[in-house]
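Enquirer: Given the structure of chain A, go ahead and fit chain B with the ligands onto it with the hints provided.
Chains A and B, in that order, are what the protein sequence lines are.
In this text, residue positions in the first sequence follow this note's numbering: the first is 45, and each later residue adds one.
In this text, residue positions in the second sequence follow this note's numbering: the first is 35, and each later residue adds one.
Read the hints as simulated data drawn from the structure, not as lab findings.
Okay, derived cross-link-like pairs now, SDA-like style, lysine to any residue, Cα gap no bigger than 25 Å in a straight line: (1) A:Lys497 / B:His81; (2) A:Lys592 / B:Leu44; (3) A:Lys482 / B:Ala112; (4) B:Lys82 / A:Gly478; (5) B:Lys117 / A:Leu107; (6) B:Lys117 / A:Ala536; (7) B:Lys117 / A:Arg496; (8) A:Lys639 / A:Gly674; (9) B:Lys117 / A:Ala573; (10) A:Lys68 / B:Ala114; (11) A:Lys567 / B:Asp94; (12) A:Lys610 / B:Ala112; (13) A:Lys610 / B:Pro115; (14) A:Lys482 / B:Val113; (15) A:Lys592 / B:Asp70; (16) B:Lys104 / A:Glu798; (17) B:Lys104 / A:Thr613; (18) A:Lys592 / B:Asp94; (19) A:Lys592 / A:Val555; (20) A:Lys497 / B:Gly110; (21) A:Lys497 / B:Ala114; (22) B:Lys82 / A:Gln609; (23) B:Lys82 / A:Val856; (24) B:Lys82 / A:Asp494; (25) A:Lys497 / B:Val113; (26) A:Lys610 / B:Gln59.
These stretches of chain B come out as covered by chain A in the derived footprint (C-beta under 8 Å, 3 or more residues): (27) 40-50; (28) 53-61; (29) 76-89; (30) 101-115.
Backbone N, C-alpha and C fix where the C-beta goes; we use that ideal spot for every residue, glycine too.
One letter stands for each residue in the lines below.
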Amino acid sequence: MRKENLVVVGNGMAGMRAVEELLKLAPDLYRITVFGAEPHPNYNRILLSPVLAGEMTIQDIVLNPLAWYAEHGIALRLGRTVAGINRARRTVVADDGSEVGYDRLLLATGSTPFMPPIPGRDLPGVISYRDIRDTTEMIDAAGRYRHAVVIGGGLLGLEAANGLRQRGMDVTVVHLMPWLMERQLDRAAADLLQASLEARGLKFLMERQTEALLRGESGRVVAVRFKDGLEIPADLVVVAAGIRPNTALAESAKLHCNRGIVVNDTMQTYDPRIYAVGECVAHRGIAYGLVAPLFEQAKVCANHLAHFGIARYTGSVTSTKLKVTGIDLFSCGDFMAEKGGVDAIVLHDPGGGVYKKLVVRNDTLVGAVLYGDTADGARYFQMVKDQQNIHAIRDQLLFGQNASVGDAGHAGNAHAALLPDDAEVCGCNGVCKGDIVKAIKGQGLFTLDDVRKHTKASSSCGSCTGLVEQILASTIGGAYTPARSKDKAMCACTDHSHGTVRQAIRDLHLVSIPAVMRALDWKAPDGCASCRPALNYYLISTWPGEAKDDPQSRFVNERAHANIQKDGTFSVVPRMWGGLTTPQELRVIADVAEKYRVPTVKMTGGARVDLLGIRKEDLPKIWADLGAAGMVSGHAYGKSIRTVKTCVGAEHCRFGTQKSMGMGVKLERMLFGMWSPHKVKLAVSGCPRNCAEAGIKDVGVIGVDSGYEIYVAGNGGIKTEVAQFLCKVKSDDEVMEYSGAFLQLYREEGYYLERTCHYVARVGLDHVKAAVVDDATQRGELYARLRDALQDYEDPWTQAVQQPAVRREYEVIQLVETKG
Amino acid sequence: MSRWIEVCALDEIARQGSRVVASTQGGIAIFRTADDRVFGLLDRCPHKGGPLSQGIVHGDTVTCPLHGLKLGLADGEAVAPDKGCARSFPVKVEGGVVWLQLG
Ligand code: SRM
Ligand SMILES: Cc1cc2nc3c(=O)[nH]c(=O)nc-3n(C[C@H](O)[C@H](O)[C@H](O)COP(=O)(O)OP(=O)(O)OC[C@H]3O[C@@H](n4cnc5c(N)ncnc54)[C@H](O)[C@@H]3O)c2cc1C
Ligand code: SF4
Ligand code: FES
Chain A
45 MRKENLVVVG NGMAGMRAVE ELLKLAPDLY RITVFGAEPH PNYNRILLSP VLAGEMTIQD
105 IVLNPLAWYA EHGIALRLGR TVAGINRARR TVVADDGSEV GYDRLLLATG STPFMPPIPG
165 RDLPGVISYR DIRDTTEMID AAGRYRHAVV IGGGLLGLEA ANGLRQRGMD VTVVHLMPWL
225 MERQLDRAAA DLLQASLEAR GLKFLMERQT EALLRGESGR VVAVRFKDGL EIPADLVVVA
285 AGIRPNTALA ESAKLHCNRG IVVNDTMQTY DPRIYAVGEC VAHRGIAYGL VAPLFEQAKV
345 CANHLAHFGI ARYTGSVTST KLKVTGIDLF SCGDFMAEKG GVDAIVLHDP GGGVYKKLVV
405 RNDTLVGAVL YGDTADGARY FQMVKDQQNI HAIRDQLLFG QNASVGDAGH AGNAHAALLP
465 DDAEVCGCNG VCKGDIVKAI KGQGLFTLDD VRKHTKASSS CGSCTGLVEQ ILASTIGGAY
525 TPARSKDKAM CACTDHSHGT VRQAIRDLHL VSIPAVMRAL DWKAPDGCAS CRPALNYYLI
585 STWPGEAKDD PQSRFVNERA HANIQKDGTF SVVPRMWGGL TTPQELRVIA DVAEKYRVPT
645 VKMTGGARVD LLGIRKEDLP KIWADLGAAG MVSGHAYGKS IRTVKTCVGA EHCRFGTQKS
705 MGMGVKLERM LFGMWSPHKV KLAVSGCPRN CAEAGIKDVG VIGVDSGYEI YVAGNGGIKT
765 EVAQFLCKVK SDDEVMEYSG AFLQLYREEG YYLERTCHYV ARVGLDHVKA AVVDDATQRG
825 ELYARLRDAL QDYEDPWTQA VQQPAVRREY EVIQLVETKG
Chain B
35 MSRWIEVCAL DEIARQGSRV VASTQGGIAI FRTADDRVFG LLDRCPHKGG PLSQGIVHGD
95 TVTCPLHGLK LGLADGEAVA PDKGCARSFP VKVEGGVVWL QLG
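Isolated chain A (complex conformation) (with noise of 0.2 Å):
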């Protein structure tokens, strides 16, 4: 088959991410032609600003160099500007006259800095902040030279003043408006931010109107005068006014353009052979001035030049992050409270140097401008471009999730941005600060995604993932988009999120992982060791009874039903319903601890004993042993029901209200076997003193005199999440029963890893409450699908013990090593 040829026009940050998703999904479809007017390769531009202020270098930032393009035989054509597009004949013309055919074109051209016309402006030491070739000048400026004016206070303007203040020049920016950053920043951030920049050397005047730049005897600028007659001297003038879509060649190639080249969903211009990407683009009248959109825009369109022809772009919702380092700074969404039905929620500590508002319609934030913490900055955003409603949460919303990261996740106060290079951000794999900043900045990562595959950091636990957020938008700044939790793709296999696989699953009545994979064109033949456990267990929650388990898709725990332990060997903890016990299961214990030679007998927090360190050849024995004596397994290992902790309640104290061991027992056993998205934790207290720690389960039962409370959502692990009020029952049935039904509810619509605490901040407890307290139907329904589901469990354990084939998988196969 003749290869198809693509030319592209633009060597840049959104060009070269379209080609690179290309070749991911279509590596030999096309032959392909890059012509770049600069004489680079592909590079990190939002990076000019640490090489302009010191902190890297123009090597640090390549981030494709000419052997990638060799590699994937690209045509690679530098420092060759596209002078025109012959539509009819399908060709491109460059500026050395030399033609090249396409049958598709990808026109990637980026923006051009706008330059006011003001007089002088075309004297040499007048430049504007683009490129590699702007920065080299700056920075031999500035061995050279002592005054700096930067005319513009945006992102790039300051940006540029604070990088040539680093390198010792007296830098005074200039602006025409009242306050800085005016479309990232209300007028009280702003002010902060000047503050803090001044305290650093920055000069500011503001709203001043340069009238002309000054010619010195050298030829050279010598001073800036405004409009007010104030003069000042300047051998350097930057301007950083604003970008405009670099549209020319499209439009001398009557290509429809609106203040920038217009583009549909799909990324294509009015002629469908030709589409177009980044800075240069208005789609559907936006024109993104930040890397992230146009890196949607890129995989959109690489989907389309694929043939796929599934993706649409349908816009992007941004944030501003300054790349200062040493300042934080965030905005994202619309943060100008001022329209009607709006309200801003303030804090404002002009010592403390902090500033936070949160702007909200109709119970949903719509936008966030934080100054001096932004540790909330990522947590915002999503909700934002999540549209959550923030009602039941609102009156807390200011005062954030992570008033404290820097540690484990648990308390503190440190700030990213202000973080030494050597704190610890990640607590489980020990990745500190500058090792993160160091590979965003080396390798060119600009997801969560790449800096955990990467650095390891926020790869296990989690904790730590908002800090990793901001570490990332700190150093690439609005580069860094996370995207909207509900289209989050389950893993690098799919492109679909847990939502539209769960769903999926339902509606097309699957039932086994080879189908599924089928039907939603998953891109590895059998998936991962992420994708696949969340698979099985979609499946079989969703089709009990129809769809088979698969153990070889259980993390190896709930294969081998015990915990696997750091040196190979596993753990045991036996059922102990409600935390009961009785003289003769310890007996058997004390005795299995003995005959196996077990290493650790420990309490376990969750009430009931451990064996630790047993030979996974000895697991069955152990269980024979146990189970003779009627123990079975504690599942302490599985993404399932794990403890009912119990008070001693009204039998025995003296406070006591209602039965609580017993009420522990009978919702242990009734929900003996109960797979679910994750671990499950209940808890029954006899009174409200809640001596078994009911408000911070998965489910908690607090015995009162006219009967019990249940709360729900509690979390007492990485992140302590106080239960929720769910409603007041007066029986023990009730309590049965409305837990079952709740608990179902999550088996049905929890995502894979979701704890009940973050099921319910994602669907809302009203949702929960409508279904299980108000509907008595459907509560009804769901709490026999619970039942159903359950009924035949049978004890793994006692399986293994019993059945040949399974017990094999125990086994060594001892070698017959003949000499040879």
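Expert: Quick look at chain B with the ligands alone, frame taken from chain A:
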């Protein structure tokens, strides 16, 4: 001298599963992929010694159960960007029987 030694019937290893063979060189994990190919790796993850035999097998890769390192079954090399290598052993299937070669 390299010797081929009989291990077990192919049927005694679950698809996308593994069995451990005790040898004088340490435990060796014999993996069987979804499409019935077999591979042998030393049962020690190059990261912190995790038992690879207990990992999830997908494609011709296994994910270590302890901290999720992914290793190619054919050569024991970690999948980029991770680094590390587990020693691999030649394995073959003949007439439904799995054979392992010890060097
Ligand atoms: C054995 C035990 C510690 C102990 O010695 O007491 C334990 C041990 C482990 N916990 Fe735990 N947890 C134990 C009680 C708890 C508790 C307390 C409780 O249950 O009352 C909590 C906080 C309560 C909660 O879950 O809400 C707890 C919160 C966690 C978490 C964080 C969960 C979260 O949603 O934030 C993890 C990580 C995870 O599951 O992803 C975890 C994970 C683990 C794992 C399974 C880690 C692993 O994947 O290997 C540990 C296995 C250690 C081993 O070598 O066997 N363990 N773990 C406790 C067993 C209880 C039981 O009888 O079943
Ligand atoms: C100093 C600085 C800091 C920034 N900081 C951030 C930040 O923190 N976060 C963020 O998200 N974004 C930031 N940006 C913006 C970001 O860099 C741009 O959004 C992004 O680079 C745009 O990508 P693009 O491919 O559309 O354009 P470009 O990267 O500009 O690429 C376009 C390329 O096309 C070439 N070209 C144009 N016309 C032709 C032609 N006719 N023939 C051949 N070649 C041609 C140009 O020379 C250029 O190399 C920053 C930008 C600058 C300048
Ligand atoms: S038992 Fe729990 S808290 Fe202790 S080290 Fe293991 S996972 Fe961490
Ligand atoms: S021991 Fe295998 S990943 Fe850590």
